[in-house]
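Chains A and B, in that order, give the protein sequences. My numbering puts the first residue of the first sequence at 1, with every later residue one more than the last. My numbering puts the first residue of the second sequence at 1, with every later residue one more than the last.
Think of the hints as simulated: they come from the structure by calculation, not from any bench. Careful, some of the hints might be misleading.
Identical copies look the same in the list; a pair holds intra-copy or inter-copy alike.
Unchecked claim - Keeping only pairs whose Cα atoms sit at most 20 Å apart, straight-line, the calculated EDC-like set for lysine to aspartate or glutamate is:
1) Lys260 x Asp221
2) Lys21 x Glu37
3) Lys260 x Asp345
4) Lys89 x Asp221
5) Lys27 x Glu37
6) Lys407 x Asp374
7) Lys371 x Asp345
8) Lys152 x Glu24
9) Lys27 x Asp291
10) Lys155 x Asp294
11) Lys152 x Glu305
12) Lys410 x Asp365
13) Lys219 x Glu28
14) Lys2 x Glu28
15) Lys89 x Glu223
16) Lys407 x Asp378
17) Lys27 x Asp53
Protein chains: 2
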Amino acid sequence: MKKPLRIAVVGLGTVGGGVLKILETHKEMISVRAGREIQIMAVSASNKTKSRDFDISSYEWVDNAAELGLADNIDLVVELVGGSDGIAKVVAENTLKAGKSFVTANKALIAHHGAYLAGLASDNKVALRYEAAVAGGIPIIKSIGEGLAGNKITKVYGIMNGTTNYMLSQMERTGRSYDEILEETEQLGYLESDPSLDLDGIDAAHKLAILSSVAFGVKTDFENVYVEGIREITTRDIEYAGELGYRIKLLGITTYEKGKLKQRVHPAFVALDEPVAAVMDGFNAIAVQGDGADKCFFQGRGAGEGPTASAVVADLIDIARGHMDEAFFVPASKLVPAQPVSMTDHLSSYYIKLHVAEAAGVIADITAALKNEDVSLDQMHQKGSEEDGSVYVVLVTHEVLESSLHKALKEINNLPVNLNDAFAIRIENL
Amino acid sequence: MKKPLRIAVVGLGTVGGGVLKILETHKEMISVRAGREIQIMAVSASNKTKSRDFDISSYEWVDNAAELGLADNIDLVVELVGGSDGIAKVVAENTLKAGKSFVTANKALIAHHGAYLAGLASDNKVALRYEAAVAGGIPIIKSIGEGLAGNKITKVYGIMNGTTNYMLSQMERTGRSYDEILEETEQLGYLESDPSLDLDGIDAAHKLAILSSVAFGVKTDFENVYVEGIREITTRDIEYAGELGYRIKLLGITTYEKGKLKQRVHPAFVALDEPVAAVMDGFNAIAVQGDGADKCFFQGRGAGEGPTASAVVADLIDIARGHMDEAFFVPASKLVPAQPVSMTDHLSSYYIKLHVAEAAGVIADITAALKNEDVSLDQMHQKGSEEDGSVYVVLVTHEVLESSLHKALKEINNLPVNLNDAFAIRIENL
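Please work from the sequences and hints to get the whole structure.
What follows is the structure, encoded as structure tokens:
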């Protein structure tokens with residue numbers, strides 16, 4: 001058997017602990033699979049003496065994580081701290097520059113610095129792996145970069161944030177408001193320490209930017225991901241969606257056509273017979289459209305100790321087996337600069353919810369505003385009056401230019417009868 | 001860039017043609033991904049002059065495929081002939097023994113000779129790869145053997161035969177009989193040339209035996225897969241399943257517990273909210289239960305030129321990248337002999353359909369027969385009378401030993417009031 005792969009682990013939170021536990025519990029199984037032992041040499045975290053449900057006394061403790069990559073007795077560093085910059089980036093740079101492989105679950109780091117770090121790994125002939133950064137337990141990075149490597153991939157989409165999917169599921173099930181469900185979700189500890197990462201779609205955007213690079217061979221371009229979160233979704237929208245045969249999901253969607261990259265994260269109406277529509281609670285799901293395999297759909301747990309830690313361990317086994325592939329499965333030097341497409345020219349049909357003081361005459365005004373901007377309607381539903389006499393009107397448009405829709409919405413919002421700004425959600429034909 | 005990977009392709013049917021087309025159309029993309037060119041040197045098939053929708057004139061034609069692995073200018077042979085023995089096996093043996101890698105889409109070959117061929121590959125330090133043999137375009141072999149390598153896997157199940165899934169879907173949708181749908185399916189060309197492979201579950205059993213080896217590290221043991229096909233399923237069963245909240249699927253299920261392997265392929269009642277229940281038509285779907293990732297679910301096209309050929313090409317890219325892993329992801333010498341478990345002690349709840357001449361008194365007799373064998377009932381539904389006055393009775397049992405159920409059914413079948421033998425389908429709690 002070959003020499004052990006000697007690793008250090010930085011960050012001993014839930015995932016870090018999970019990795020240590022799997023490596024110890026499944027030591028024998030992993031050695032057989034990897035063809036060599038994976039040996040934990042050193043660990044590092046912000047607090048050495050913190051109470052933990054796993055034992056770190058048999059590993060060397062290193063105070064300064066930045067030095068780990070430089071140690072002679074370490075072949076690979078696992079980073080589980082998180083954050084796009086700070087210590088995570090320092091550890092990544094030091095490790096790769098020292099000619100050692102680097103494994104991480106850090107989506108922000110890869111989304112922001114993926115192409116740069118891939119270049120460092122390539123120059124130093126070592127591996128940079130991040131399976132756990134996207135969709136937790138689902139081996140989606142390997143599936144796209146290796147399993148579907150015989151395909152030209154044109155589209156990747158799915159549910160990439162389990163927390164917001166849980167919230168939307170709970171709003172639908174219980175009929176309780178966004179604010180109530182948000183509070184409950186916070187109490188369950190499901191939210192990131194900065195809730196905006198979940199609620200505003202940023203976490204999903206990180207993952208989407210990574211998937212774009214893996215699927216299309218473009219440089220990671222997080223800055224140009226179009227992002228809308230779920231803060232404005234109400235139970236009323238969820239109810240109306242159901243009546244129309246849809247379910248609201250926060251989707252990440254990336255497409256690559258004629259050298260143009262369109263990356264977007266936003267709530268979407270998804271037809272109920274679409275596989276992603278059936279994905280509830282904390283689950284993630286990703287669909288990949290290839291020219292050979294057609295659509296391939298993956299579903300699993302997107303977060304949590306076991307799913308994330310087992311993905312990290314899979315990366316370790318891969319490297320122990322000698323798979324030293326390029327980080328994005330093409331030479332880093334051949335990653336193409338992304339040419340982002342603006343959403344202005346995006347075509348989509350829309351759900352529009354209006355809340356008006358009274359129905360009389362308003363339909364004519366709305367129709368006129370839409371007609372002015374060439375927005376043609378597929379459906380219009382005037383809902384029964386609310387207790388205060390106000391009325392909700394639901395519109396479904398045909399396919400329309402994003403820019404035209406925004407102009408039409410502006411006109412509609414200026415109608416004096418409007419109680420709230422019109423709220424629009426894209427209807428995705430997946 | 002490294003030297004080209006020089007390959008030969010044996011078998012120029014739909015899949016063989018698909019492989020040649022992808023390698024030519026995506027030559028540049030594949031070279032970038034693989035880090036080297038994949039060059040087609042020679043082809044072989046039973047008929048050189050047959051009319052084909054792809055051009056083979058630029059490749060060397062070899063009449064005797066058995067010699068391909070011996071040629072000095074060939075690094076790897078792709079076998080797309082099919083069949084567990086015959087020329088496919090000869091080509092595999094010759095190629096591996098000559099120290100060259102072997103790629104196949106041949107599930108029968110791997111199901112019957114997997115452990116033996118893995119040993120040959122291991123001894124000769126070459127690769128044996130068969131991603132296309134299971135679930136077509138879904139990269140399930142790589143996902144289990146590499147992507148989920150950080151998990152101890154305890155169960156793999158799913159829909160592994162698209163043809164029978166298409167037939168069951170069509171029976172449900174149209175209400176037309178098994179025989180009518182079978183004829184239509186045959187006309188569409190969806191059936192294997194030996195239809196028994198599809199209809200009797202043998203094709204699914206081949207795939208299941210392969211998945212067992214990949215997931216559990218046991219020697220392929222096709223002989224001990226318990227198999228029932230779909231020939232006895234009627235539209236009435238499908239309708240009754242729906243009424244009870246289930247859908248009938250032909251499932252492959254393999255579990256490994258305490259060193260015991262239980263492999264089975266049979267129709268099953270699947271709860272409608274289970275992801276596999278929503279998989280219709282020709283699609284395949286496979287779920288993998290791991291101790292870290294929990295349940296991971298994969299869905300895609302299980303057959304056809306594009307899905308199968310792109311999976312073959314993924315194997316070629318993998319080998320071109322230098323991934324020379326063991327065929328079943330552990331050293332062939334460490335594959336454990338399978339210890340099959342008989343179905344006699346299998347525990348399951350059951351759907352039972354009875355067709356009796358008249359209802360009067362029969363319920364008491366049936367209940368007595370079940371009680372004699374300790375089969376306890378969860379539900380009993382006496383359906384309305386048929387035109388001829390006969391009656392269908394549907395029973396749902398609690399969990400019961402397979403052996404007890406068979407004894408009870410035998411007693412019930414001996415009741416004079418019975419018009420047909422009782423028909424039972426397992427209800428799977430997935």
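Now the hints, each set against the structure:
{"no.": "1", "hint": "Lys260 x Asp221", "result": "within (12 Å within a copy, 49 Å between copies)"}
{"no.": "2", "hint": "Lys21 x Glu37", "result": "within (15 Å within a copy, 42 Å between copies)"}
{"no.": "3", "hint": "Lys260 x Asp345", "result": "within (13 Å within a copy, 59 Å between copies)"}
{"no.": "4", "hint": "Lys89 x Asp221", "result": "within (17 Å within a copy, 48 Å between copies)"}
{"no.": "5", "hint": "Lys27 x Glu37", "result": "within (7 Å within a copy, 38 Å between copies)"}
{"no.": "6", "hint": "Lys407 x Asp374", "result": "within (10 Å within a copy, 72 Å between copies)"}
{"no.": "7", "hint": "Lys371 x Asp345", "result": "within (18 Å within a copy, 70 Å between copies)"}
{"no.": "8", "hint": "Lys152 x Glu24", "result": "between (40 Å within a copy, 13 Å between copies)"}
{"no.": "9", "hint": "Lys27 x Asp291", "result": "between (40 Å within a copy, 14 Å between copies)"}
{"no.": "10", "hint": "Lys155 x Asp294", "result": "within (10 Å within a copy, 27 Å between copies)"}
{"no.": "11", "hint": "Lys152 x Glu305", "result": "between (33 Å within a copy, 15 Å between copies)"}
{"no.": "12", "hint": "Lys410 x Asp365", "result": "within (13 Å within a copy, 74 Å between copies)"}
{"no.": "13", "hint": "Lys219 x Glu28", "result": "between (38 Å within a copy, 19 Å between copies)"}
{"no.": "14", "hint": "Lys2 x Glu28", "result": "within (14 Å within a copy, 35 Å between copies)"}
{"no.": "15", "hint": "Lys89 x Glu223", "result": "within (18 Å within a copy, 53 Å between copies)"}
{"no.": "16", "hint": "Lys407 x Asp378", "result": "within (18 Å within a copy, 60 Å between copies)"}
{"no.": "17", "hint": "Lys27 x Asp53", "result": "within (19 Å within a copy, 52 Å between copies)"}
Of the numbered hints listed earlier, not one is contradicted by the structure.
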